[in-house]
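*Asks:* Based on these hints, arrange chain Y on the given structure of chain Z.
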Amino acid sequence: MSSAHPRLLLIALNNAPTVLFALVLAAFGLLAPQFFTGQNLTNIGVQASSTAIVAIGMTFVLLTAGIDLSVGASMFVGAAVVGKMVLAGQPLPLALAAMIGVGAMFGALNALLITRVGVMPFVVTLATLYMGRGLALWITQTRAMNLPESFLQLGSLKLAGIPLPIALFVAVLVLAHVTLTRTPFGRQVYAVGADLEAARKAGLDTRRILFGVYLICGVCAALGGIISLAQIGAVSPKFGEYREFTAIAAAVLGGTSLFGGRGHVLPGTVIGALLIQSVENGLVILNADPYLYPLVTSAIIFAAVLLDSTRNRVLARIGRRKIRIEETK
Amino acid sequence: MFEFRGISKGFFGVPVLSDVSFSIESGSTVGLVGENGAGKSTLMNIMGGNHQPDAGTLMLDGVSFEPRGPRDAAMARIAFIHQELNLFPNLSIAENLFLTSFPRRGGMPLIDRKTMRKRAAALLAEVELDMPPDTLVEHLTAGERQLVEITKALSIEARLIILDEPTTSLTARETERLFALMARLRGRGIAIIYISHSLDDVLRICDRIVVLRDGKLVASGPREEFTKERLVTLMVGRAIQQYFPPRVTRPSADPALEAIGLSHAGVVHNVSFTLQRGEVLGLAGLMGSGRTELARILFGLDECEHGEVRVQGRSLRSHSARESIRQRVAFLTEDRRSEGLCVEASITDNLALVTLPSLARLGWLDLGKLFASTAAICMAVRLNRSARASQPAKSLSGGNQQKVVLGKWLLAEPTVFILDEPTRGIDVGAKSEIYTLINELVARGVAVLVISSEIEELIGICDRILVMSRGELRDEVDRPDFDRERILRAALNKP
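Chains Z and Y, in that order, are what the protein sequence lines are. In our numbering, each number is its position in the first sequence, counted from 1, plus 1. In our numbering, each number is its position in the second sequence, counted from 1, plus 7.
Keep in mind the hints are simulated off the structure, nothing from the lab. Remember, it's a predicted structure, so these values are computed and weren't measured experimentally. Glycine included, each C-beta is placed from N, C-alpha and C at the ideal position. All clues stand as given, with none of them false.
If we take Cβ atoms under 8 Å as the criterion, some of the chain Z residues that face chain Y in the derived model are:
#, residue
1, 183
2, 185
3, 188
4, 189
5, 191
6, 196
7, 199
8, 203
Looking at chain Z on its own, in the form it has when it is part of the complex (with noise of 0.2 Å):
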């Protein structure tokens, strides 16, 4: 009895980022007629993409207990390496695909620091953010720069009636379910992410996982950075600010632990991104002081990480007690 009673608590908390959401909705529902129309919940489905897209990266990172605090980083120098670009009369898909490889670059260079020399990934993507913004900040000057209608048309292009950023974050979810519950490697994802020397001992590539992790992280950030600057339409010194943090608080919320090994893109991860964006853009429709959105920002990040630390306690618990009415014959 006293072990189903922890079990129970389990499967609420792994359940509670869908309950939340479900409450979330809920509420602001209830408070702003306007927040169900299908106008909405569209927009919202198209705010939420770049963080979404950009979290989901971040959820391969942190399978492997490890952390990438460089994505706003690369964002930035991506965004500005697309400005100059595009300002120079470059074509537009030659200056997107030169900012995924800005991704894939920032990505393979905090795999190579982690995996080569052996520094823990905080540091070593703690070192890549600040790297990466004084380059933005030196590529562009410091200086805003305004990109041409063109790019801003590539935020409010239609695929098949579907928004191109919600169509591009479907495609990136798809994928990235597929390859972690279905693929060698996303099996291997969550190995490493139980126990690295266990995965190491038992033959697995461990340099090669989480390298493939770290540049998966890379080119999410890019694509989201890509959907993020088709919709503001400006590269500014401040762009992709702090948006490590919010792909980990999504990720998070999501149910994917910072100490890893447990997590999912879908719902998991979908949710938190999705939860996010209901908050703010609830908050907006209620007209709320635009003083309380950082605060209720780090409450979401409180519980997020509440919300962790208390599951791998109450998993510690349920590893504990054994007992087991057994060797009864």
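*Replies:* Just chain Y now, kept in the frame of chain Z:
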């Protein structure tokens, strides 16, 4: 089939193995015994390609075999099952089995889950583990996880399986199941190297026995040539006259620790007993009988719904480990690596852990006092003389690690000492020294509660034995009535 030819290996100039040669035939089980530090693990690490020998060769089917890593060993179809299992609790049984060789769908990087499940189910049937392949490993018991490890060995069609102390976390029934499975594997021509401190098991299930001492092979031959006494003599190099040192002191009639009606749903039920000053009280029971859980409750690590714990007649109101330590109760946990030691920290730091507050004045550590008292305790617990105080605890052998944990608590001068599996996984010589230490403690009036899976050990050192089963006390036996069968019967909950 597999042969060690004159293997030598040293670390930093210290020889660990010298000129070890023996061979293993297909379908035979070789028991490898030796004290901790005799070189067993190094020998296995050489087989697994983690270390390269300084001299000598490994021969596989008459051809020289030079593994450079775990993958080479797997390619040669050699499987290692370590004491700490190498499973991933967050993955399913099937995923654990095929982690490095997932069946794929066509040429795509997609896992063929149907095939994976089918193959996993077939393999699980071979070890008679009746579990859906999709079950997460974290839901399995220790014994079931061991079977999954063996299934993993079968999945690479291992010809040689090395089992390192496989029974330490298994119940008696799971152990029997493992031995039956080993017999079947032998029938299929699979060779097994069985490493264990449980000499009875080695004598029972192995065809041949190899004894290592100080890196040298001191005996090897068919099982019939050995007895337990001879094995012990060979391992330590001298006949231990008395495995269990005699004790002259008797318990007093002065209660040191009392448990009154302890009950907690699903854990313990109505447990009451009294531990006297100067008494060694044994707590017998199978794994999962609630022994460790009871100890944790007594020490205040886990909560308990009903009942009370009294130390020196005083009820422990606030039930916490801090309060227990204040009342000078000490608790040596069964899992010394993760709960008893800070393995990366030095011997001195580990020793001082509990008593640190008393070694400080106005917030400053009195280092002189610290080093003096820890040095004294190293002597008292007979810690290996060559060990330096600044050396990390993980560099010590199991027996010496356990002495450090004991020393840590002895510094706190306990009046009640709860020892949970104090001799698990440590060698015969160190075991004997720990028994002597227990005698010295009770001679000073300390009350000792010993939990052990080895009934012989309890019979050898206790004044009285309580037998636990399914969270309840089933029997209480005084020294004159000690009887292995009676205790085992009560532990198995048979009338």
